[in-house]
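Taking the hints into account, I'd like the entire structure generated from these sequences.
Chains as they are written, first to last, in the working numbering: chain A, 177 to 246; chain U, 177 to 246; chain W, 177 to 246; chain R, 177 to 246; chain C, 177 to 246; chain Y, 177 to 246.
Treat the hints as calculated values from the structure; they're not laboratory data.
Remember, predicted model here, so these are calculated numbers, not experimental data.
Glycine residues also receive a C-beta, built at the ideal position from the N, C-alpha and C atoms.
Mixed in with the good hints, there may be bad ones.
Each pair of labels, with its calculated beta carbon distance range [as the list claims (entries may be wrong)]:
hint : chain 1 : residue 1 : chain 2 : residue 2 : range
1    : U       : Q184      : Y       : D191      : 23 to 31 Å
2    : W       : G228      : Y       : G208      : 45 to 53 Å
3    : R       : T188      : U       : T188      : 49 to 57 Å
4    : C       : K224      : A       : K227      : 51 to 59 Å
Protein chains: 6
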Amino acid sequence: MKISARNQLKGTVVDVVKGATTSHVRVDIGGGAIVTASITNESVADLKIVKGLKVTTVVKSSDVMIAIED
Amino acid sequence: MKISARNQLKGTVVDVVKGATTSHVRVDIGGGAIVTASITNESVADLKIVKGLKVTTVVKSSDVMIAIED
Amino acid sequence: MKISARNQLKGTVVDVVKGATTSHVRVDIGGGAIVTASITNESVADLKIVKGLKVTTVVKSSDVMIAIED
Amino acid sequence: MKISARNQLKGTVVDVVKGATTSHVRVDIGGGAIVTASITNESVADLKIVKGLKVTTVVKSSDVMIAIED
Amino acid sequence: MKISARNQLKGTVVDVVKGATTSHVRVDIGGGAIVTASITNESVADLKIVKGLKVTTVVKSSDVMIAIED
Amino acid sequence: MKISARNQLKGTVVDVVKGATTSHVRVDIGGGAIVTASITNESVADLKIVKGLKVTTVVKSSDVMIAIED
Numbered sequence: 177m178k179i180s181a182r183n184q185l186k187g188t189v190v191d192v193v194k195g196a197t198t199s200h201v202r203v204d205i206g207g208g209a210i211v212t213a214s215i216t217n218e219s220v221a222d223l224k225i226v227k228g229l230k231v232t233t234v235v236k237s238s239d240v241m242i243a244i245e246d
Numbered sequence: 177m178k179i180s181a182r183n184q185l186k187g188t189v190v191d192v193v194k195g196a197t198t199s200h201v202r203v204d205i206g207g208g209a210i211v212t213a214s215i216t217n218e219s220v221a222d223l224k225i226v227k228g229l230k231v232t233t234v235v236k237s238s239d240v241m242i243a244i245e246d
Numbered sequence: 177m178k179i180s181a182r183n184q185l186k187g188t189v190v191d192v193v194k195g196a197t198t199s200h201v202r203v204d205i206g207g208g209a210i211v212t213a214s215i216t217n218e219s220v221a222d223l224k225i226v227k228g229l230k231v232t233t234v235v236k237s238s239d240v241m242i243a244i245e246d
Numbered sequence: 177m178k179i180s181a182r183n184q185l186k187g188t189v190v191d192v193v194k195g196a197t198t199s200h201v202r203v204d205i206g207g208g209a210i211v212t213a214s215i216t217n218e219s220v221a222d223l224k225i226v227k228g229l230k231v232t233t234v235v236k237s238s239d240v241m242i243a244i245e246d
Numbered sequence: 177m178k179i180s181a182r183n184q185l186k187g188t189v190v191d192v193v194k195g196a197t198t199s200h201v202r203v204d205i206g207g208g209a210i211v212t213a214s215i216t217n218e219s220v221a222d223l224k225i226v227k228g229l230k231v232t233t234v235v236k237s238s239d240v241m242i243a244i245e246d
Numbered sequence: 177m178k179i180s181a182r183n184q185l186k187g188t189v190v191d192v193v194k195g196a197t198t199s200h201v202r203v204d205i206g207g208g209a210i211v212t213a214s215i216t217n218e219s220v221a222d223l224k225i226v227k228g229l230k231v232t233t234v235v236k237s238s239d240v241m242i243a244i245e246d
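As structure tokens, then:
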């Protein structure tokens, strides 16, 4: 599968915190940067997401904002 | 200002493509990775976003997905 | 690639309308239902999206709302 | 009420899983397709969403991505 | 129709700027506050959105962030 | 920090409901209007969000829809 979302950063899962319905997955994308994804528990189970897994974080361009220093 | 969005990656603007109402801003976040933001032309003007500007890309965790290789 | 987004509906592209930076892609998912995606022109070019192409529409669960009749 | 969101698919609720603050509602939209919505528990209570209820799933076009087979 | 999205603020359209595929609609919600919506041209035509129209701006809770002063 | 998101409404936190991973923060933006944000527990802790705190709710224009009366 190839998806239209422009932002695809590869990394390694460092942490999976499961809630009642929603999990937080933290991914080390290198250079000391961490990306956090809030996804369903079903997705975590379905994709067998665990600490150490190589993954790609995916974000649609319309969900990216730009900030500057004042 | 400090914002709740968990994902804040610093980088440098490499490209601004203006459309009729929407602009695409591409940011080099290092390590060869580019993040694309689709934002309003008003924001580009208001923040004076131009090639070479140091910026931070901001993404809410609920907008991040995880992909794996099959 | 396999992605965490829960909603993946298969269909056929019926229409691609290109704007200055953003395209609207309409997909017939069967049963008379059309799904419209607003994506970047770069994605349309990169995935070679044209009328008649078999595609999958992908939506994260946190982007789905529920409506009822009054 | 009539809303600007382009994607409105009718269906029947097959499942409501309540978490501490967030619920997952699964809707059968016909043809074997299920759409999952992640919404607040308050919304579930307010709209009285239960298994068997006829609902409409609503998604903004800017939240729809397109995927193709490799 | 009643929708699960928690944030529904009433106001009056003060401005509609049409792009090639995407329009920006600015709504005065009172108290000097303006809310800007980026929606498809099709929605603007379909809902007959023009300056002076009474509308409701609708936002899903998972799309709201919180910022504080440093 | 200054962010590209067009919609920034000031208000006061009236309520914080913590779930297992996700919190709901309700903000009184004046004129009887409440805005609800669904954010991570980490953000609530990091920004020390409590009842009574002065905050700004932030929403990207592409996440705003428009509704009209039938």
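Going down the list of hints, with the structure as the test:
{"no.": "1", "hint": "U:Q184 to Y:D191: 23 to 31 Å", "verdict": "holds, 26 Å"}
{"no.": "2", "hint": "W:G228 to Y:G208: 45 to 53 Å", "verdict": "holds, 51 Å"}
{"no.": "3", "hint": "R:T188 to U:T188: 49 to 57 Å", "verdict": "holds, 50 Å"}
{"no.": "4", "hint": "C:K224 to A:K227: 51 to 59 Å", "verdict": "holds, 53 Å"}
Of the numbered hints stated above, none is contradicted by the structure.
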